Structure formats: structure tokens, C-alpha cells
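Numbering (the working numbering) for the sequence shown: 485 to 526.
Careful: at least some of the hints might be erroneous.
For each label pair, taking beta carbons as the anchor points, the in silico distance ranges come out as [what the hints assert, rightly or not]:
| id | residue 1 | residue 2 | range |
| --- | --- | --- | --- |
| 1 | S491 | P523 | 17 to 25 Å |
| 2 | L516 | V494 | 29 to 37 Å |
| 3 | M485 | G521 | 14 to 22 Å |
| 4 | H493 | T514 | 28 to 36 Å |
| 5 | A488 | D509 | 28 to 36 Å |
| 6 | K487 | D524 | 27 to 35 Å |
| 7 | D502 | D524 | 19 to 27 Å |
| 8 | S512 | A486 | 27 to 35 Å |
What the hints contain is simulated information worked out from the structure, not anything from laboratory work. As the structure is a prediction and not an experimental result, all values here were calculated from the model. No residue lacks a Cβ here, since even glycine has one placed at the ideal position from N, Cα and C.
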Amino acid sequence: MAKALASTHVGVIAWSRDADPALGDYGSPTVLLNSGGVPDME
């Protein structure tokens with residue numbers, strides 16, 4: 485889906501992270517696709 489959006493939008497980012505909302509534990513994001521004008525996540 486992110487690849488399809490990249491052809492019609494200026495910038496697209498798709499990311500994932502491990503999470504355990506019950507504990508409030510969230511891992512670092514892993515970028516799956518970064519296309520076009522997307523700012524750094526840091």
C-alpha cells in the first residue's frame with residue numbers, strides 16, 4: 485500500500501514497531517519504506 489501511495493503523494497513512510505500497550509512498552513520504529521520528502525524520525 486505504501487508503494488502505491490508513493491506514486492501519488494510527495495512523501496510516504498511506512499514503519500513498524502513492537503509494542504505492549506498494557507505495559508506501556510514500545511520498541512524503536514523500523515522503517516519499511518521511505519519515499520520522497522519525509523522528515524527524519526529522530
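Each hint tested on the structure:
1. S491 <-> P523: 17 to 25 Å: holds (20 Å)
2. L516 <-> V494: 29 to 37 Å: violated (19 Å)
3. M485 <-> G521: 14 to 22 Å: holds (19 Å)
4. H493 <-> T514: 28 to 36 Å: violated (21 Å)
5. A488 <-> D509: 28 to 36 Å: Holds, since A488 and D509 (Cβ atoms, about 32 Å apart) stay within the stated range.
6. K487 <-> D524: 27 to 35 Å: For D524 against K487, whose Cβ atoms are near 21 Å apart, the range 27 to 35 Å is violated.
7. D502 <-> D524: 19 to 27 Å: holds (21 Å)
8. S512 <-> A486: 27 to 35 Å: Violated: the Cβ-Cβ distance is about 19 Å, outside 27 to 35 Å.
Violated hints, in rising order: 2, 4, 6, 8; the structure is consistent with all others.
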